[in-house]
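Participant: Line order of the protein sequences matches chains L, B and U.
When you line the first sequence up against the numbering used here, it's residues 153 to 549, in that order.
When you line the second sequence up against the numbering used here, it's residues 14 to 411, in that order.
When you line the third sequence up against the numbering used here, it's residues 11 to 126, in that order.
Source of the hints: derived by calculation from the structure; they are not laboratory data.
Incorrect hints may have been included.
Mimicking DSS-like on lysine-lysine, the simulated pairs with C-alpha atoms at most 27 Å apart in a straight line are [what the hints assert, rightly or not]:
1. B:K213 - L:K427
2. B:K213 - U:K20
3. L:K173 - L:K155
4. B:K291 - L:K194
5. B:K291 - L:K413
6. U:K108 - B:K145
7. U:K88 - B:K213
8. B:K207 - U:K88
9. B:K207 - U:K106
10. B:K213 - L:K386
11. L:K155 - B:K291
12. L:K366 - L:K317
13. L:K386 - B:K291
14. U:K106 - B:K145
15. B:K213 - U:K106
16. U:K106 - U:K88
17. L:K155 - B:K145
18. B:K16 - L:K427
If you want the building blocks of each chain, they are given just below.
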Amino acid sequence: MRKVAIVGVGTIPWRSRYEDKTWLELGFQATKNALDDAHLAKDDIDMAIYSTFCELMLRQQIMCYIIHEYLGLQAKPSLRPNAAGAADIASLYTGFCEVASGMSDIVLVLALQKGSDLYCNETRSRGDGFLRGIAFALDTTWLQQVVPGPAALMTASMLIPHMEKYGSPTIEQLARVSVKNHRNALANPEAQLKIELNVEDVLNSRIIAWPTTKYQCCLYSDSAAALILASEEKAREMTDKPIWLSGIAECSYPTMRFEEKSLGRIDGLEASARKAYAMAGIKDPVNELDVAEVYDLISGVEILSYEELGFCERGKGGKLVDEGLVEMSGKLPVNPTGGRVAAGHVGGVSAAYSAATVVRQLREEAGPMQVPIRSGKGLVDCMDGYGSICGVAILER
Amino acid sequence: MRKVAIVGVGTIPWRSRYEDYTWRALGLQVTKKALEDARLTVKDIDSVVYSIYCDLMMRQQSPTPLIQDYLGMEGKPCVRLMAGATGEMYALYAAFSQVASGMADIVLLPAIQKGQDWYSFETRSRGDGLLKGFSISTNTTWMQPVLPGVPVYLTATFVVPHIEKYGTPTPEQLGKASAKNHRNALVNPEAQLKVDVSAKDVMNSRIIAWPTTMYQCCLYSDCAAALILASEEKAREITDTPIWISGIAVSSFYTARFEAAALGRLIAVEEAGRRAYKMAGVKDPLHELDVMEVHDLVTGCEILMYEELGLCEPGQGGRLVDDGIVEKEGILPVNPSGGRVAAGHVGGVSGLYSAACVVRQLREQAGGMQVPIRSGRGLVQANDGLSGLVGISILERR
Amino acid sequence: MGAARNELEKIIPLFTDNPRAIEIMEGWPRTVLFDLDGEQGPFHISVKEAKMSLAEGLPREADIVVRGESRELAGVVKREKDITHPIAEATLRVEKGKLSQLIIFDRILATARRKG
């Protein structure tokens with residue numbers, strides 16, 4: 153298996169809506185930024201991998217050949233992996249296999265999504281239009297009619313059973329994670345939401361599904377992010393700072409998560425982490441990782457993720473918040489970009505964005521968001537809104 | 014790069030509609046069959062790569078996490094490849110990469126699609142409902158409002174310009190090629206349409222877009238198919254007849270621009286073909302391949318494909334039909350299964366079905382469809398409805 | 011009686027207990043006027059309440075009007091050729107109504123000759 157490095161990253165600011173740009177333009181901009189970062193031209197790309205979680209929202213059922221042509225990559229191979237909201241990690245996984253196998257030397261992984269060209273006439277809201285759209289990813293026979301939304305589903309099947317079992321996270325701990333991420337976003341020039349919040353603000357915001365309140369929920373955005381993967385040989389030619397994809401794994405878990413063993417858990421995340429750590433040779437994540445970007449689709453999920461990712465024992469995730477371990481000043485900063493509640497979120501793109509920011513962290517090019525780099529290793533995780541597909545990637549300098 | 018083999022195949026009959034099975038049930042059937050064929054169990058599978066072309070038609074967005082546990086694949090990685098009606102070849106490519114890289118040893122590749130739970134009230138036809146559904150796969154900004162349908166597009170963009178340039182394929186050659194496939198399907202127990210039509214019957218059937226007539230158009234079906242891929246080490250443990258994927262390539266060339274150079278050419282086929290041949294070390298396909306299964310979405314495209322795949326010079330494809338070279342008894346039988354016009358077709362599945370057919374041919378388990386196996390190599394080709402996305406694979410028995 | 015009318019009179023009874031024909035006719039109440047060379051005069055086909063009937067002369071109102079050659083229509087009814095062929099060759103012409111509607115009529119004709 154050949155080694156695979158990330159040699160270029162391209163991101164654009166997160167916005168709740170890019171009214172004046174089509175999805176093609178967003179993809180183009182991110183790709184251009186990535187090629188510039190890698191000092192490459194489009195002809196250097198051997199293959200393109202497109203990550204889009206929901207093409208229907210683009211009103212274009214087969215999107216890959218259209219963006220492929222728009223980018224000027226006609227006739228070259230392309231792939232488009234899909235894995236519900238975890239399309240980005242699935243794309244990174246597919247890109248990794250492509251280079252590791254020797255089938256290609258330089259691969260573009262482009263994640264893009266516009267979700268906000270939808271509209272709900274009833275509530276006069278784009279967000280609600282979007283939510284209705286993503287509801288189709290639930291089992292349309294059994295779940296769609298009864299599940300009010302991903303925040304509610306995650307709260308009910310993951311957060312509350314965990315709280316019942318361990319007495320944690322407490323509502324203050326949940327609020328503190330949200331405060332942390334909103335504060336971190338203030339230093340992120342690409343973040344969608346830049347507001348200073350305190351614990352009261354978070355707890356007093358609209359209840360979505362108790363104890364999850366509005367400021368604990370991820371944003372809805374339009375965005376795009378691109379990564380350029382290269383084989384070891386090419387990477388060493390191109391850059392002094394290749395960032396290696398030393399571990400990557402993806403796992404699926406049942407969406408009808410109401411079995412005893414799954415309640416209060418994000419099992420796919422633990423399984424993915426275990427495989428990715430094994431591949432990267434990581435035994436003690438808290439001490440071996442310098443930074444982590446963890447999907448906080450709701451703040452509760454971030455805290456449960458600390459446990460699933462092995463940062464602490466089960467039930468002790470809340471304590472990491474109290475101890476400040478996951479703050480910018482702590483041992484293992486989590487979500488220096490602001491995470492999904494403050495930087496921005498759309499399925500199929502966020503993990504690619506996270507990977508790009510972790511690359512910048514490891515290169516020590518993260519500007520005001522920079523955390524200390526000691527071991528040179530970072531983690532990116534990913535899950536879809538219903539926890540049924542999870543993935544973890546380890547990046548290493 | 015590790016070598017990759019196909020060690021199990023599972024197919025079910027093509028039907029215009031499986032009214033009594035859900036998409037999950039179809040997926041389960043072919044998965045079971047593939048596992049039985051390979052003599053493996055669910056535990057042996059490391060990773061699953063799906064091909065499902067169109068969520069909408071199954072009224073379920075992102076279907077793949079929802080079938081993982083149904084198939085007993087809970088906890089395993091799953092990725093779904095989408096590339097219009099050639100998603101299955103892209104899935105084959107991705108699955109190949111997973112095994113070739115070492116990330117997985119045994120990969121299950123299910124392809125599922127139900128297209129016929131649709132209905133057009135205007136014309137009281139399921140087929141028309143399906144066609145309307147397909148239209149959102151075309152460029153919804155520029156093409157969908159003006160495109161009357163896939164066969165029309167293919168005929169206008171590829172077949173007619175080719176005829177204008179070379180004078181072929183003639184209506185008779187088209188009739189003969191279509192008749193060939195319908196005749197081949199008569200001995201395919203899984204074929205959807207078994208009618209013995211003559212070239213004349215084909216020419217007299219409904220004109221869809223001259224010269225393409227009804228019998229020259231692909232069918233519409235519900236179906237599923239599954240393959241199991243394995244690394245060399247595992248393959249040799251599992252079976253005595255691993256069928257190696259010695260070449261595989263995908264290409265994306267979208268022809269909506271109607272540039273002169275692109276008219277009458279299936280450029281993505283040539284491009285992918287060239288790369289697949291190179292990887293497999295094939296220099297003279299006409300003599301080095303024993304069998305081919307290609308996507309005849311319209312018969313004209315099958316004939317153009319002979320040229321793009323290097324079986325003959327440009328403009329000479331029709332001659333291969335006249336000379337009987339591509340008949341079952343010919344030097345290089347094309348579509349002994351009946352192809353898309355007679356075996357059946359639904360996006361996301363057909364290419365894997367073609368691959369399963371070629372695997373059985375090379376294993377010499379193709380029953381009435383069996384062609385002579387001399388060099389032990391076969392080619393599988395699939396493309397989407399606009400021939401903008403193409404996947405080609407060379408399979409080999411050694 | 012010309013060739014077309016002759017053939018139509020033979021085929022119409024085959025639609026009576028034919029479920030596929032009925033399914034199409036149920037959604038297609040139309041009157042088609044045929045004014046063809048080689049016939050003694052115009053005649054019309056009415057599809058109403060899932061039944062097809064033929065009557066001489068002009069109807070009160072026609073949804074579709076077809077002119078052209080009787081023997082061409084006869085060939086279509088006998089399923090020697092599909093209706094799109096005489097249309098393409100202009101030996102049958104749709105002078106009122108849409109071709110796509112006439113194709114539905116052709117589909118009804120096809121049901122009588124289906125094998126199973």
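Participant: The structure should be examined with respect to each hint, and the outcome stated for every one.
Facilitator: Here is what the structure says about each hint:
1. Simply put, K213 of chain B and K427 of chain L have alpha-carbon atoms about 61 Å apart, too far for the 27 Å limit, and the pair is violated.
2. With a C-alpha separation of about 25 Å, the suggested pair K213 of chain B and K20 of chain U falls inside the 27 Å cut-off, and the hint holds.
3. Annotation: proposed proximity of K173 of chain L to K155 of chain L is violated, straight-line Cα distance about 36 Å (limit 27 Å).
4. Taking the CA atoms of K291 of chain B and K194 of chain L, the gap is near 23 Å; set against the 27 Å cutoff, the hint holds.
5. Distance restraint check for K291 of chain B and K413 of chain L: the Cα-Cα separation of roughly 50 Å exceeds the 27 Å cut-off, and the hinted pair is therefore not satisfied.
6. Between K108 of chain U and K145 of chain B, the direct Cα distance comes to roughly 19 Å. Compliance with the 27 Å bound is thereby established for this hinted pair.
7. Of the supplied pair hints, the one linking K88 of chain U and K213 of chain B holds, its CA atoms being roughly 15 Å apart against a limit of 27 Å.
8. Pair hint K207 of chain B plus K88 of chain U holds up; C-alpha atoms about 21 Å apart against a cutoff of 27 Å.
9. Of the pairs offered as hints, the one joining K207 of chain B and K106 of chain U is violated, with about 37 Å between alpha carbons and a cut-off of 27 Å exceeded.
10. Taken as a hint, the K213 of chain B and K386 of chain L pair is broken in the structure, with Cα atoms around 58 Å apart against an allowance of 27 Å.
11. At most 27 Å may separate the alpha-carbon atoms for a hinted pair to count; K155 of chain L and K291 of chain B meet this at roughly 24 Å.
12. With a C-alpha separation of about 24 Å, the suggested pair K366 of chain L and K317 of chain L falls inside the 27 Å cut-off, and the hint holds.
13. Taking the CA atoms of K386 of chain L and K291 of chain B, the gap is about 22 Å. The hint holds against a cut of 27 Å.
14. For the hint linking K106 of chain U to K145 of chain B, the alpha-carbon distance of about 26 Å falls within 27 Å, and the restraint holds.
15. In summary, the hint linking K213 of chain B to K106 of chain U is not supported, as the alpha carbons are separated by about 31 Å, beyond the 27 Å threshold.
16. A hinted pair counts as satisfied when its Cα atoms are at most 27 Å apart, and K106 of chain U with K88 of chain U qualifies at roughly 24 Å.
17. Restraint check for K155 of chain L and K145 of chain B: not satisfied, since their Cα atoms lie roughly 45 Å apart, outside the 27 Å limit.
18. Straight-line distance between C-alpha atoms of K16 of chain B and K427 of chain L comes to about 23 Å, which keeps the hinted pair within the 27 Å bound.
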